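Here are the chains, one letter per residue:
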Amino acid sequence: MMMAHPNTLHAILLSVFLAASASAGSITGKVSATPPSGPLGDSAGGDAYASRRYKFVEKIDYASLRDFIVYIDQPVAEITPGAPSLAAVTTQKNANFEPHVLPVAVGTTVRWPNDDDIYHNVFSMSDTKEFDLGYYKKDKTPELVFDKVGRVDVFCAIHSKMHCIILVLPNAFFAAADVRGRYQIRDVPAGTYRVRAWHERLPSRTLSVTVPAEGEVHVDFLLGLAALPKS
Amino acid sequence: MPPARRRLRIGLQTKVVTPVLALLILLPAFTLLTVDRRISAKSRAEAEADLSISRDYLLKSLANHAVALIARNQNLLNDTRFQNIVRLGDDATTRAFLRDLLDELSGDTELVALLYKDEPTAITARRVPDLPQDELIRASSTAMAGARAGEPSSITVCIGTQAYKVVALPVAVPERGPAGVLLVAVHINQSTLIALKPPRTEVILVCSKGVAASSLHNVRTEEAALALARTQTPEADAATLTVIDGERFLGLAADYGEKNQGEELHFVLFSNYESRVDEIMRNRITLITISVIGSALGSIIVWFAIRRLTRPLRALRDSAEAIGRGDFSRRIERFSNDECGDLAEEFNRMTAYLQTSRAELERATQLIHDTQQQLIQREKLSAVGQFVAGVAHELNNPLTSVVGFAELLQTNGVDERTKAHLERIVQSAHRCHKIVQSLLGFARQHQPERKLVLLHNIVEEVLQIMAYDLRTGNVEVRQDFPPTLPPILGDAHQLQQVFINILSNARQAMEPLRKKGQITVRTRVTGKMVEIEFEDNGPGIQPDHLAKLFDPFFTTKPIGKGTGLGLSLCYGIVQEHGGRISARSETGKGAIFIISLPAADAQQLSAASMIQAATASPFPNAAACSRRILVVDDEPWILELTAELLRREGYRVDVAETGQRALDLLEREKYDLIVSDWRMPGLNGIGLYEYLTARDPAAGRRILIMTGDVINETLQEFLSANRLINLSKPFSIIEFRAAVARMLAAAT
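Residue numbers (my numbering), protein chains in the order written: chain Y, 891 to 1121; chain C, 6 to 753.
Please note that the accuracy of each hint is not assured.
Said to hold, decoys possible - Computed cross-link-like contacts, SDA-like style, restricted to lysine to any residue with a CA-CA straight-line distance of at most 25 Å:
id : chain 1 : residue 1 : chain 2 : residue 2
1  : Y       : K1028     : C       : D105
2  : C       : K675      : C       : T719
3  : Y       : K1051     : C       : R92
4  : Y       : K983      : C       : K675
5  : Y       : K920      : Y       : A953
6  : Y       : K983      : C       : D108
What the hints contain is simulated information worked out from the structure, not anything from laboratory work. The structure displayed is predicted, hence computed values, not measured ones.
Go ahead and model the full structure; you've got the sequences and the hints to work with.
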């Protein structure tokens, strides 16, 4: 239901990396999730877990997972954190936040407009950023600057279903995977990086990627419990 | 037994079995009926009680339902989001929230409405757009009033044919106090009722416009519920039995308990009565089966018992019937050691007694019959005897003349040839006389006398009597006699009878043989006995008959031919004579009858000879020719004969033809001897005698009676009473002379 809005993302990425240096490569690849093992997955837990007792345990449909984010999980010196002019938007529409997951570089300002005719409230109790924007309709559009790397879960005080995540990242080299799980991080300076694939519901996975000066490196991520290192 | 009684006859068995059977059937039937009724009533009562409990249960469930609804929504009020909304007081936000809330709430929640304090319109969210929400809110005013007063309230509301449970909750914000009322309307539908209804019961909710909800989808049930709700008083506990689609249901209408603006709301409980009916039926069938089996068993036992009880009676009846038929041989076994057994024993005793009594009776009857036969026989013989006596008397007079005149003629100096002829006449006449005499002897019933008799003479007499009979029967008689045989003491007539009997038996036995019969008569002396033996060459006597030969009434002759008395009589006679009679025979070789009689001893002989000497005293000479004799007889030739004889003797003889004439003569003359016939017309011999003795008692000594009729008892008595000497006709001249002479001698 909630996925990164491709247009918005592209606009942001484009504006960030067009001004970057010429000696840079791209990281491309595909992010996908897989059940722990086999099509049914070990999490099915066998026949006993198919009983009534686990009937209401949420089962993850790995194939339809969206909102994968791939980013370089380390500060990149060449590029300074995003300027304040770089703004992102999270809209409250139909009693929902759009997009559901918003990756921003640290220091980015996010605007919170209300498109509905009813009151909404925007607040977060996260350690990264704690705030409460109060109740408002279209009469105002509050703005917030996220100046600390981390994850911020945002809610509405009167609509319990309203939830979004602002993923504050250390640099601007990130990409949201599209519907088919493809991503592309452009204009990455050549070098070796820790690249992490993230999903709100799955353990992240970090790979060391060497980005060439020219061209692109292809890295596929497979998320899921099966991909966890065995102790 | 008359037919009418017979028709009504009912056996003892039936009499006992019928009421017992009736009892055996009626009693279980009655019990069955009672028990069945009780079970049915109890079952019904139980069902009704169950239904009442179900109603209470349902009421409780409904109350719980309301409480649960209130509780559920109470939580909502405490939700900060709701609090925030209320604080915001924005209609759109509230509406959106309510819409979300409706989505969150269960599917039967039809309406959520928030009425802010002091605001006329309600902010609502409804599941179905055409829900008459205003009407619903208006109908819930009572509950709302309660909520406004701060008390969560609930009410059941009927809109059209739909029922709703409406919960009104007071909404308050901590810092501002009461803010309004939240209404939650839950539709009461089938699933609600199914969840609420008591087990084994169907619930139909009925409002004034029709059925609001039902725990089962069935048009007929709903119709029945409507009818029941209208007819039944909700307060009454009485359930009604209703048939829906062929199934029986027990229906109970109940008031819902809450009223909204005069809208009547009832519910009807239906409990399936079919299972109970089935149970009752099963009970009934079990009871009936047991009863029937019990009755049948009882009947069989009773029947057998009765049969066993009446068995002695039936045996008694059969035996009584047998006895009635004359079968005394039946005896009843002693069935049991009780009254019946005693009865059987008594019955047997009675039967035995009856048997002996009957046997005695039969013997007595037989005896009477035999005696009667004997009497008849005797009467017959007596009649024959009288007849024969009459004939003999008539014959004797002529015979006397024949003998008398023939002898007279012999003395008249005729030539030798004539004399011989006359002798023949005399002998023939004598023979005739003997035959007559024998007949008289046979017929006469006189006292047995003991005289010296010679068997030969008797046998000859018998043979003479039977000569004709034997000759015509083609029987030859041989005599094998020794020259002399000692005389015996006996009754010649009786012995004659014995011999006649034996000879005629022999003749009759030989008659059908178509050959020449032969009877040999032998006499001999063995010791002091004289034996006479009759042997024939007839068919003989069967061995088994031999023993019964001398039994009275034993006869082999056809009925009417013989009396069976003959040989029995013989036996008696021989016994009286101190002798024996026996028979021996071999079948096909003839029979021998042997009679042995004691010979007369010396003493008897001498006594007898004295009598004979007296009777055979010599004829006296006509010494006294002057003697006068009167002869009285109605037969002229007798008179003539006697007068002639006496005159020849030298007597002076007068004759009289009648008694009267004799009396006349006696008046004039005096006679030394009166010879008178016995039987005469007018004055007879007795009259004459009486006349004489009347004048002179000694005159009786001078009368000599001539008789031709010796069997007359009157005469015999008369003779023996007066010691008169009689002369029986026909008599020979010698006899006559001797008698006259004796009389005269005695008289003088």
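Tested hints:
Using a Cα cut-off of 25 Å, the hinted pair K1028 (chain Y) and D105 (chain C) holds, with the two alpha carbons roughly 21 Å apart. A hinted pair counts as satisfied when its Cα atoms are at most 25 Å apart, and K675 (chain C) with T719 (chain C) does not qualify at roughly 29 Å. For the suggested pair K1051 (chain Y) and R92 (chain C), the alpha carbons sit about 20 Å apart, so the restraint of at most 25 Å is met. Proximity of K983 (chain Y) to K675 (chain C) is assessed by CA-CA distance (about 212 Å); at most 25 Å being required, the pair is judged violated.
Distance restraint check for K920 (chain Y) and A953 (chain Y): the Cα-Cα separation of roughly 13 Å lies within the 25 Å cut-off, and the hinted pair is therefore satisfied. Annotation: proposed proximity of K983 (chain Y) to D108 (chain C) holds, straight-line Cα distance about 18 Å (limit 25 Å).
When held up to the earlier numbered hints, the structure conflicts with 2 and 4 and fits the remainder.
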